[in-house]
Every structure is written in C-alpha cells, then in structure tokens.
Amino acid sequence: DTAVSQTPKYLVTQMGNDKSIKCEQNLGHDTMYWYKQDSKKFLKIMFSYNNKELIINETVPNRFSPKSPDKAHLNLHINSLELGDSAVYFCASSPRTSGTYEQYFGPGTRLTVT
Amino acid sequence: RKEVEQDPGPFNVPEGATVAFNCTYSNSASQSFFWYRQDCRKEPKLLMSVYSSGNEDGRFTAQLNRASQYISLLIRDSKLSDSATYLCVVNRRGSQGNLIFGKGTKLSVKP
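So the sequence lines, in the order shown, correspond to chains F and D. Count the first sequence with this note's numbering and you get residues 1 to 114, in order. Count the second sequence with this note's numbering and you get residues 115 to 225, in order.
Next comes chain F alone, as it looks inside the complex (with noise of 0.2 Å):
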C-alpha cells in the first residue's frame, strides 16, 4: 500500500549512459514532481506535472525530459548522463498544483554516474 514508489531505488552506471526512473502514486494525486537532492543536500524542485500537463520547468538541462503517461505516473528519463547528475531524485505528489497543500514523497533513487 505504498503511496509514493519509485523504482530502482539505487541506480550505478557509467557516464553517457541513458537512464530512466519510474515514479507511480495510488494517492489519487492530480499533481507530481520530480526533486533532486545534490551532495550538499539541496533539494530542488526539476518538473511539475499536473493531469499529464507540465506545469514547471526549472532550469534542467534538456538531457533532462520527464514523461507522463498518465496521472498516477511520472517518469524521468536522463540522456548521456554526467558526473554531476549524481543525486538523489526524489518523486513526490500533492492532491492539487497549489503550494499549500502537502506534498507526499517517494523513497528516491540514488543516482551514481562513474
């Protein structure tokens, strides 16, 4: 009865390897967003997707594209991945696109590029 799933939740590969995460929520959720959570432990808003729609873009390198297949999923796909996109990526939900409500997490995904 997960709410917020991510998968894998540990991810190794070489650099200029292509890479996706997969993000599903059974919250009933019209809103999801993807974070990524650096070294330094910022976390930072990447994509916002309400009902299949992007509705925030923050400035992500275009190797970057999220894709919604429908609204309980999110997934993020990352072209010739670099050194630098070592992370944790973060998915999370929030029943409207409104920054009052809470947001729901999911267990991330720990990216390594070697």
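Think of the hints as simulated: they come from the structure by calculation, not from any bench. A few of these clues could be false.
Said to hold, decoys possible - Straight-line C-alpha distance at most 25 Å; calculated DSS-like pairs for lysine-lysine:
id, chain 1, residue 1, chain 2, residue 2
1, F, K71, F, K41
2, D, K217, D, K159
3, D, K224, F, K9
4, D, K220, D, K159
5, F, K22, F, K67
6, F, K22, D, K193
7, F, K22, D, K156
8, D, K156, D, K193
9, F, K71, F, K36
10, F, K36, F, K67
11, D, K193, F, K9
12, F, K36, D, K217
13, F, K44, D, K159
14, D, K217, F, K44
15, F, K44, D, K193
16, F, K19, F, K44
17, D, K224, F, K44
18, D, K159, D, K116
19, F, K40, F, K52
20, D, K156, F, K44
21, F, K9, D, K159
22, F, K36, D, K159
23, F, K9, F, K41
24, F, K36, D, K116
25, F, K71, D, K220
26, D, K224, D, K193
27, D, K193, D, K116
28, D, K220, D, K156
29, D, K156, F, K41
30, D, K193, F, K52
31, F, K41, D, K193
32, D, K224, D, K159
33, F, K67, F, K19
34, F, K19, F, K40
35, D, K116, F, K44
36, F, K22, F, K9
37, F, K40, F, K71
38, F, K71, D, K193
Knowing the structure of chain F, use the given hints to seat chain D on it.
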C-alpha cells in the same frame, strides 16, 4: 541571498531539552510555509504547516513573522526519535506548487 536560509547545525541536545530552529525567506510574496522532517537517507515528510497566528502540535510549535520574513520551530521535551534534519519550506507565489526548500538544520538528541 538564498531564498530560504537556515542554520545548518548540527544541534546536539540531551533528551528533554527544548530546541529552537530559525529560518528566513527572501520572497515577501510567499504565502505558504511548512516544516518538513528528513531522516538520514530517507524522504522528506511534512511535520507541520505554519500559520500566521502560530500553531502547535503536541511538543512542536511553529511561528511565522511575515514582517521579518522569519519562521521558527520549537521542539519541547526532545526525544531520541526527534533526531533528524528539519527543513524549512516556503512556496514561491504564483508558482503552482513550487516549493523552495531550505538546506535543513540537523538535530541530534542524545541520551
């Protein structure tokens, strides 16, 4: 100036102590404020929202001073289980859910 600033700590306190965390934010138009808690190698979880009049949830009290753009969290009677990083979170007005997270203050409660 960072959008949300917090003292990184760590705060090392004995069980039963009272500890206070402070946070400042730069966007005076921000409208929603939260404290999240993040345990080591875990995801952030909402601890409490922060309301203009101040609010309390058990041992936790949150205060907001809009004029000073300052948010605080007070933990009374600290427990070992309170050990975590506490994240101050502010929404960016008009951003449709865009939350800005502070770097967090690490708390370690010792027996």
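Checked hints:
1. K71/F x K41/F: violated (28 Å)
2. K217/D x K159/D: Status holds; Cα separation ~15 Å.
3. K224/D x K9/F: Distance ~30 Å between K224/D and K9/F Cα, so the pair is violated.
4. K220/D x K159/D: holds (15 Å)
5. K22/F x K67/F: Holds: K22/F and K67/F sit about 10 Å apart, inside 25 Å.
6. K22/F x K193/D: violated (36 Å)
7. K22/F x K156/D: Given that 25 Å is the threshold and the Cα spacing comes to 18 Å, the pair holds.
8. K156/D x K193/D: This hinted pair holds, its Cα atoms lying about 19 Å apart.
9. K71/F x K36/F: Answer holds: K71/F to K36/F is near 21 Å, not above 25 Å.
10. K36/F x K67/F: Within the cut-off at roughly 16 Å; holds.
11. K193/D x K9/F: Violated: K193/D and K9/F sit about 30 Å apart, past 25 Å.
12. K36/F x K217/D: OK: K36/F and K217/D at ~13 Å, within 25 Å.
13. K44/F x K159/D: holds (15 Å)
14. K217/D x K44/F: holds (10 Å)
15. K44/F x K193/D: violated (29 Å)
16. K19/F x K44/F: holds (20 Å)
17. K224/D x K44/F: violated (31 Å)
18. K159/D x K116/D: Since the Cα atoms of K159/D and K116/D sit roughly 22 Å apart, the hinted pair holds (cutoff 25 Å).
19. K40/F x K52/F: violated (31 Å)
20. K156/D x K44/F: With Cα atoms ~16 Å apart, K156/D and K44/F stay inside 25 Å; holds.
21. K9/F x K159/D: Within the cut-off at roughly 18 Å; holds.
22. K36/F x K159/D: holds (16 Å)
23. K9/F x K41/F: holds (18 Å)
24. K36/F x K116/D: holds (17 Å)
25. K71/F x K220/D: Distance of about 35 Å is beyond 25 Å: violated.
26. K224/D x K193/D: holds (8 Å)
27. K193/D x K116/D: violated (31 Å)
28. K220/D x K156/D: holds (14 Å)
29. K156/D x K41/F: holds (12 Å)
30. K193/D x K52/F: violated (42 Å)
31. K41/F x K193/D: holds (24 Å)
32. K224/D x K159/D: holds (22 Å)
33. K67/F x K19/F: Since the Cα atoms of K67/F and K19/F sit roughly 13 Å apart, the hinted pair holds (cutoff 25 Å).
34. K19/F x K40/F: holds (23 Å)
35. K116/D x K44/F: holds (13 Å)
36. K22/F x K9/F: holds (10 Å)
37. K40/F x K71/F: Measuring from Cα to Cα gives roughly 31 Å; hence the hint is violated.
38. K71/F x K193/D: The given pair, whose Cα atoms are some 39 Å apart, is violated under the 25 Å limit.
The structure fails to meet hints 1, 3, 6, 11, 15, 17, 19, 25, 27, 30, 37, 38 from the earlier list, while all remaining hints are met.
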